[in-house]
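J.: Below, each chain spelled out in residue letters.
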Amino acid sequence: MENGSDETRAKQQRGLVGLSDKPSGAFDQELYGGADALGQYVTELPTEEEAANLDRQQELTTLGGTAGRAPSRPQKFAFTAPKDVLNEVAQQDAPDPFAEHQKDKTIAGREDSYRSRWRQQMLSPERADPFASQTPGPETRSYTDVMKEQQLDKEKGELIRKIQQKKRDEDSRVDGEASGAAALPAPPKKDGEKKRRRWDQPAADEPRAKASKANGVGSRTHGASEWDISEASVEHSRWDTPVRGEVTMGDEGAGASSWDQAVVSAPKPSAAVLGETPTPGRWDETPAPGATPGRRRSRWDETPVGSSGMATPGPSATPGAMGMGMATPGATPFGGTPGATPLGMSGMMTPMTPLTSLTPDQLAAMRITREIDERNRPMTDEELEAIFPPEGYELVKPPASYQPLPRAKVTATPTPFGATPLYSIPDEINAVKAQEIPGTPSSRGEGDLPMMRPEDYQYFGKLMEVSDEAEADLSPEEAKEHEIMKLLLKIKNGTPPMRKTALRTITEKARYFGAGPLCNQILPLMMSSTLEDQERHLLVKVIDRILYKLDDLIRPYVHKILVVIEPLLIDEDYYARVEGREIISNLAKAAGLATMIATMRPDIDHQDEYVRNTTARAFAVVASALGIPCIIPFLKAVCGSTKSWQARHTGIKIVQQIAILMGCAVLPHLKPLVDTILLGLTDEQQKVRTITALALAALAEAATPYGIEAFDAALKPLWRGICEHRGKGLAAFLKAIGYIIPLMDAEHANYFTREVMVILIREFQTPDEEMKKIVLKVVKQCVATEGVEAQYIREEILPHFFKNFWVVRMALDKRNYRQLVDTTVEIANKVGGSEIVTRVVEDLKDPSEPYRKMVVETIEKVLTNLGVADIDVRLEEQLIDGIVYAFQEQSSEDTKVMLDGFGTIVNCLGKRVKPYLPQICGMIRWRLNTPSAKVRQQAADVVARIAVVMKHCGEEQMLGHLGLYLYEYLGEEYPEVLGSILGALKAIVNVVGMQKMSPPIKDLLPRLTPILKNRHEKVQENCIDLVGRIADRGAELVSTKEWDRICFDLLELLKAHKKAIRRATVNTFGYIAKAVGPQDVITTLLNNLRVQERQLRVCTTVAIAIVAETCGPYTVLPHLMNEYRVHELNVQNGVLKSLCFMFEYIGELGKDYIYPICGLLEDALLDRDLVHRQTASWTCKHLALGVHGLSREDALIHLMNHVWPNIFETSPHLIQAVIDAVDGFRVSIGPGIVLQYLLQGLWHPARKVRETYWRLYNNVYMGHQDALVSFYPNVPPEPNNDYTRHELCVLL
Amino acid sequence: MSTVYDRFNIHAQLEHLQMKYQGTGNADTTKWEWTTNIHRDTLASHVGHYSRLAYLAVAENEPIARIRFRCLQAIPRPCGPPPPKTDG
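Here the protein sequences come in this chain order: V and B. Be aware that the first sequence starts at 1, since it is given in the UniProt record's numbering, and climbs by one per residue. Be aware that the second sequence starts at 1, since it is given in the UniProt record's numbering, and climbs by one per residue.
In case anyone wonders, no lab produced these hints; they're calculated from the structure. A few of these clues could be false.
Result set (BS3-like, lysine-lysine): computed pairs, CA atoms no more than 27 Å apart in a straight line [to be verified]:
no.	chain 1	residue 1	chain 2	residue 2
1	V	LYS1248	B	LYS20
2	V	LYS687	V	LYS728
3	V	LYS462	V	LYS541
4	V	LYS911	V	LYS986
5	V	LYS814	V	LYS845
6	V	LYS500	B	LYS20
7	V	LYS1248	B	LYS85
8	V	LYS1013	V	LYS1074
9	V	LYS1018	V	LYS951
10	B	LYS20	V	LYS549
11	B	LYS31	V	LYS1248
12	V	LYS814	V	LYS803
13	V	LYS728	V	LYS780
14	V	LYS1002	V	LYS1013
15	V	LYS896	V	LYS845
Build out the structure end to end from the sequences listed, making use of the hints.
T.: Below, the structure written as structure tokens:
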């Protein structure tokens, strides 16, 4: 936004403060209308799932409407989506009631301190477009201006840093003298870490820290280093009007809010509360004559050192904005720095918006208070009348002297919220109103606008102020602004269709609106602290769309857009990063390379590291969008900059980011890229050298395994660097070498590995975590290289490696752990498994559990890769002993590593494990018998994993014992454990077979029947798997009666949420039917068609179809056709659906059943009910496709004649079914016949008819383009055109 | 209503798919466009089936290559110029 408008706003705001200091908007409800209509608005955008549900509902009613039936029976329209029948999972999971209170819903909430730094950046004024036809006026900023500003900022920053330093020295001196005054701890630089921290805080936090100290609350400390001060504080430069950053900062940490509380609780004159004090400064500021209102200032240059004065922030306080802050409850840290420019407070123009910058937390708290107050409000007359009996009491009139407090007075009382919490006058309230935040008018607005949330009010408040009538009076500019605002609100909060139209409109009219107004509205929204992911996504989409339209008009706004989009590049969410890249690349394409470079050039040596970092990333995106070659000259210039090391640093970082972003696409430009950054290796700045090495590493990684030639020139300086540097610099150089070595040929790689290994081994002992990781990585890469010999590794590397890295401490950090395991496995690949296993096997008995885990994981991976051939008897013994020990000792929650390790070791050893099996079985049996559920579960899981090996070792008897033992435990009450036990039984049954199983199947199965009723998913899944397996392989071992009983229980399982369970269930029906004959099963299933739940019926139809498939259609078809005679919609539809699935499954077998089924299908296709026709159409499709080429054309044409009239249906599912059916017929009866049908309507006078016919024609055409040639009609010639296809008339 | 219909309308995608094919039509397709497409398909089909080219070659007593060439030549404008637009 422009400065001019900011100032006017500020003025208006100040003028309005006096009026707007009423505590709450709740009293003004009659002005804004009651809130009861709010209930019909959706307060949130539906999630995808909800939206889908909603649509389904709507669609059901639609269907119901067209069918002319009451919508109260929606279940009959249930058979509508045959494709995903089994995918569907009933959605009964209640939404998390606390979900909406979770903090990280907003993007601002989850940003860490570094990521939130962008909120302190400014949206700089637009810049002149150097390519525009007219010369820019003096008021627009050109490149020169920007560069000058940058220069000034830098100098200022330097100055400030010096002043700071000086002051620090002074302070320390003063402190040393007056040791009693502890208000400001003096931190000489070399003091302990603890003291120094306070100074490390960004200057903006400083006053808070002090205040909170005065309040006795510990302040938040930052881990930033000393240099961060300068960067963080300096960054508030002259443009620095943190749009809404202050609020965000105020939200973070206890220090901040306690400061605000301190301010609120401090005694203060009421004038301050009323906001009439015009003092624009901040609380600790002595009114210096030069102090400009609305500008951030550095504190140290205006604060008298008197620390006690600082600690009592009271009386001097409060500019206007502060007063409003007071009006809000104490919990509101609003107005953290009242001196912030009005830019972020555009909402202030409207009265009664003290809450505009509330954070979601506070809003949530507010909502809760509000709701409680609603419930506790005084009762109205109507309510009392409804409760009391009509007579038996008397209404007492109020005394004549009683005057109800006039409304104006009530509202004018400057009570803080805490005292009279959001109280509204009783007679105004007729019903419990929807939650509404006081201070915002009821936001129903004009009819077609979506619900406005309180957070939105500061952006969209204007929409509320201007009524419909007044809208006509707006100036064209304002009208435009108004329209954009409406569209944005619709996009942000509207329903999906609303959003879609609004998005389309804003795209289409983008050029009419102009870049300026659009950017001025969208970009502040993007910086809102209450923005959520979905909203940001939508706004980003808007930007993306308008970019295309605006094209070069966007040029003046490129920097603004970058400021809001660049943070996306370092977002933790992958998709946000991708989105950010996409926008920037579109921006680059729209604005052109020259503009992009001119815009971003000043940021390259910006003093804030954050800005440089994001700029580098953005530049990389620009390079990938416009091509690397065109940006290389610029990079060369930047990397060779002699003016500032920051520029060189950023330039090299750009190269690094390009490599990371583009991967192997850098290969063609590898040489120039490497040459560009090469000089950086010998730079005098350490940071530059480091980033150069990192960039080389990134380039080498991207180029692997090619491109070693390009790095030739870099090898020497790298090599020298390794010998010279220590610490961080060395780490980066090592990393670079580590990535370059894999590119070399064997001989060179060997040489370099040997050379670099000396240093690596020296660095093995480093305490630095980062260095450790890099060293491990480099070792891994060196070892994996071809030319390095096993002998060398064994002798030179292994001893040091194990001594330094295989220590308990390494297992504690997740990333170290990973890296160490990977490296060790890589070494094992080179030197052989036993070498490594021998070294670590002892550690299986280490007292530290994480360490044992790491050992197990390593052994598991080594054995999986290399087998056990080289493991001798002694080692084998140690291994088993160790793993059994480790397994028994585990106590942590995550058991997967141990289980996998155990399973893998036993399975790898195979027959060699036989001698140890009794011991292992003993352990399992003992552990199955322990009171701890976890232990029992692990034991059962182990059985499932080693059953195969046991069988392999010939220990069937042992398996039998285990089976019996597990069988005893089927009464287990913990479902997790029961599931594992069933899984173990299943594994045993699988390996020993049905006949030899002990316990015998006829005993086992009756015990499983009651378990089928268990609701736990794991139990259900394992149980149905086991039952299905028995039904499949050993059905004859159980009586028919038992199977019948199981059939009934299986029906319940069709309700399961998990698809695998439902699939296993319907398959089991098939097995059972095969074993005991289909009659009973079919009867059970057909009866089940009468139930209400759709999912059950759908699964039942699938089961019927499966039974029909396994037992032959002729056994089932009579039942089905008989059942169709029942006059009940669900049953008939179920039968049709079963037929549909059946014909899909049996394929060409359908040729034997097409004639008998014709009558039924005819009837269904002539039915009034849509779903009948729809399902019958699907059936026809499958039938037609099944009998392709089996000369059933007569029946098919007959069926097609019945399907054809449905082509004009509008119900989406029905028309889809019909189109598919016609497609099926096209395949089976040939396109010629279908074309004859189509020719009737292609040239019909009615457009609607033509549309439908052409759609069908196009389908036929796509399928049979060539075959149609012989069927096209002859078209008579016209005077100008000869339509005859003469070649076709040739007859030989 | 219409929005729900639109969303579930397979035609939205179907039509998009159909658009990718050159010879498909719609309610506004004219006679000339349609027959031109038919002719092009026919000619392309001739070129694609060697036996048919051979048949035509025998019937017309021309080399196969010439028939093929003639077919290919005819493809750009098989049935003459488009009729003048009536609605201007």
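J.: So which of the earlier hints does this model not fit?
T.: none
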